[in-house]
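Engineer: If you want the building blocks of each chain, they are given just below.
There are 2 protein chains.
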Amino acid sequence: MPGAPVKALLFDVFGTCVDWRSSIIRAGEAFGRAHGLGAVEWAKFADGWRARYQPQMETVRRGQRAWTKLDVLHRESLDAVLREFDLGGIPTRDLDEFNLVWHRLDPWPDVVDGLLRLKTRYIIAPNSNGNVALLLDMAKRAAIPWDTILGAEITRAYKPMPEAYLRNVDILGLIPPEVMMVAAHNADLVAAEGCGLRTGFVARPLEYGPGQTTDLTPEHAFDVVASDFADLARQMGC
Amino acid sequence: MPGAPVKALLFDVFGTCVDWRSSIIRAGEAFGRAHGLGAVEWAKFADGWRARYQPQMETVRRGQRAWTKLDVLHRESLDAVLREFDLGGIPTRDLDEFNLVWHRLDPWPDVVDGLLRLKTRYIIAPNSNGNVALLLDMAKRAAIPWDTILGAEITRAYKPMPEAYLRNVDILGLIPPEVMMVAAHNADLVAAEGCGLRTGFVARPLEYGPGQTTDLTPEHAFDVVASDFADLARQMGC
Numbered sequence: 001m002p003g004a005p006v007k008a009l010l011f012d013v014f015g016t017c018v019d020w021r022s023s024i025i026r027a028g029e030a031f032g033r034a035h036g037l038g039a040v041e042w043a044k045f046a047d048g049w050r051a052r053y054q055p056q057m058e059t060v061r062r063g064q065r066a067w068t069k070l071d072v073l074h075r076e077s078l079d080a081v082l083r084e085f086d087l088g089g090i091p092t093r094d095l096d097e098f099n100l101v102w103h104r105l106d107p108w109p110d111v112v113d114g115l116l117r118l119k120t121r122y123i124i125a126p127n128s129n130g131n132v133a134l135l136l137d138m139a140k141r142a143a144i145p146w147d148t149i150l151g152a153e154i155t156r157a158y159k160p161m162p163e164a165y166l167r168n169v170d171i172l173g174l175i176p177p178e179v180m181m182v183a184a185h186n187a188d189l190v191a192a193e194g195c196g197l198r199t200g201f202v203a204r205p206l207e208y209g210p211g212q213t214t215d216l217t218p219e220h221a222f223d224v225v226a227s228d229f230a231d232l233a234r235q236m237g238c
Numbered sequence: 001m002p003g004a005p006v007k008a009l010l011f012d013v014f015g016t017c018v019d020w021r022s023s024i025i026r027a028g029e030a031f032g033r034a035h036g037l038g039a040v041e042w043a044k045f046a047d048g049w050r051a052r053y054q055p056q057m058e059t060v061r062r063g064q065r066a067w068t069k070l071d072v073l074h075r076e077s078l079d080a081v082l083r084e085f086d087l088g089g090i091p092t093r094d095l096d097e098f099n100l101v102w103h104r105l106d107p108w109p110d111v112v113d114g115l116l117r118l119k120t121r122y123i124i125a126p127n128s129n130g131n132v133a134l135l136l137d138m139a140k141r142a143a144i145p146w147d148t149i150l151g152a153e154i155t156r157a158y159k160p161m162p163e164a165y166l167r168n169v170d171i172l173g174l175i176p177p178e179v180m181m182v183a184a185h186n187a188d189l190v191a192a193e194g195c196g197l198r199t200g201f202v203a204r205p206l207e208y209g210p211g212q213t214t215d216l217t218p219e220h221a222f223d224v225v226a227s228d229f230a231d232l233a234r235q236m237g238c
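Residue numbers (this note's numbering), protein chains in the order written: chain D, 1 to 238; chain H, 1 to 238.
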């Protein structure tokens with residue numbers, strides 16, 4: 001890549017670093033057994049919970065409500081999806097705990113090793129819409145070796161708002177072309193590129209399960225296109 | 001300790017984790033040789049630079065100026081102390097670079113090992129008045145294993161303002177007694193205790209050189225008093 005050398009890599013997390021769908025399905029199955037919920041299609045439940053993610057954040061982006069961290073949005077969405085699945089009578093305390101499943105998502109198998117390699121040469125940090133406690137708990141549990149946690153709770157802006165990229169760049173004391181956004185989602189990278197950041201695409205064709213139809217390939221001329229985090233590390237000279 | 005279990009430890013950095021004075025003296029000596037500055041008392045220079053730290057932050061705390069990160073305050077103080085020592089004619093670019101000596105301070109010898117032990121059981125993060133880039137550069141250079149970087153730039157409040165403690169606690173998703181502030185400075189811990197945090201005192205009797213007269217002992221009933229970070233880790237069950 002010509003121009004300023006890249007000094008920091010920011011990573012999307014849900015889908016890019018962690019397999020949220022399989023994690024939620026597994027946790028849901030255990031939750032269902034523990035609460036005797038009977039037959040629940042947990043894959044559909046996971047998809048339904050996730051489907052409420054963008055509309056919920058959009059109310060914050062549009063200023064329809066004050067800044068609200070993702071843990072709270074997830075908790076509200078959980079109530080809604082439980083109603084949709086006609087699941088009731090579960091104690092609030094148990095639902096509060098189940099909501100923290102988002103703190104316990106498993107990384108894709110290539111992530112931790114790839115990040116350890118990238119960390120030797122670059123600052124590595126999440127730039128996620130997840131709140132700090134969520135990302136910290138996830139990192140501690142799965143040994144994800146972030147140098148620091150950045151993202152929406154720090155910038156007070158949900159991606160893809162420009163502030164969600166540019167405030168992180170400012171906090172790092174860098175200029176946009178010194179920072180690369182890495183994501184499995186074309187829209188995230190297009191927004192980052194619009195702010196002057198470098199971009200790295202890593203396809204995650206199973207993020208939405210076996211029938212995934214979106215984000216299977218890079219749809220723009222991103223700076224780096226990698227098959228996984230090991231390939232990304234190699235291409236970044238690590 | 002009775003009550004809520006401690007889940008996160010926040011650390012003061014300048015003086016508590018790193019030996020800023022010796023680091024500045026060494027860097028000053030090298031800078032003086034490179035620029036042919038002749039005989040400069042670098043210990044006094046270091047003390048003079050540091051002496052401007054609290055008054056500079058106070059202008060931000062009082063709202064006399066907008067939020068300003070510590071790198072900028074350090075740079076202004078460097079100009080002032082250079083005038084005081086009658087040192088002129090140094091190119092701005094070289095001074096900008098010398099200002100980053102605060103990003104390259106050496107930890108006390110017990111810090112990295114102690115933090116690695118504490119990290120196995122607790123979230124560990126700096127709660128420093130230093131800005132994020134300063135703390136990140138320092139951590140990358142010296143292998144300080146923070147889980148994330150917190151502090152004044154994240155909270156937009158310089159210690160000992162209550163927000164400088166309580167906003168970090170909120171970001172961690174915890175309540176004040178679940179968080180312990182660790183510092184070599186009585187005033188920092190008294191402020192943290194006033195916000196409901198637990199407190200850990202680690203004496204650093206050489207922070208201000210061989211003639212230090214302050215903060216030699218804990219002057220209040222802190223939750224933990226440790227001789228160094230190894231002792232702190234032992235007392236915290238690590």
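Because the hints were derived from the structure by calculation, they are not lab data. Wrong hints could be hidden among the right ones.
A pair counts as met if it fits within one copy or between any two copies, since identical chains are not told apart.
[Claimed, not checked] BS3-like cross-link-like pairs, simulated, lysine-lysine; straight-line CA separation at most 25 Å:
id, residue 1, residue 2
1, K140, K69
2, K119, K44
3, K7, K69
4, K44, K7
5, K44, K140
Treat the numbers as computed from the prediction; the structure is a model and nothing was measured.
Engineer: Measure nothing new, just compare the shortest in-copy and cross-copy C-alpha distances for K44 and K140 to 25 Å and report within, between, both or neither.
Structural biologist: neither (28 Å within a copy, 43 Å between copies)
Engineer: Are the CA atoms of K140 and K69 at most 25 Å apart within a copy, between copies, both, or neither?
Structural biologist: within (20 Å within a copy, 29 Å between copies)
Engineer: If the cutoff is 25 Å on CA atoms, where do K44 and K7 land: within, between, both or neither? Let me know, please.
Structural biologist: neither (40 Å within a copy, 35 Å between copies)
Engineer: If the cutoff is 25 Å on CA atoms, where do K7 and K69 land: within, between, both or neither? Let me know, please.
Structural biologist: Classified as between; 20 Å across copies, 28 Å inside a copy.
Engineer: At 25 Å max between alpha carbons, let me know whether K119 reaches K44 within a copy, between copies, both or neither.
Structural biologist: Result: close neither inside a copy nor across copies, 36 Å intra and 37 Å inter.
Figure legend: structure checked against the earlier numbered hints; hints not met, in rising order: 2, 4, 5.
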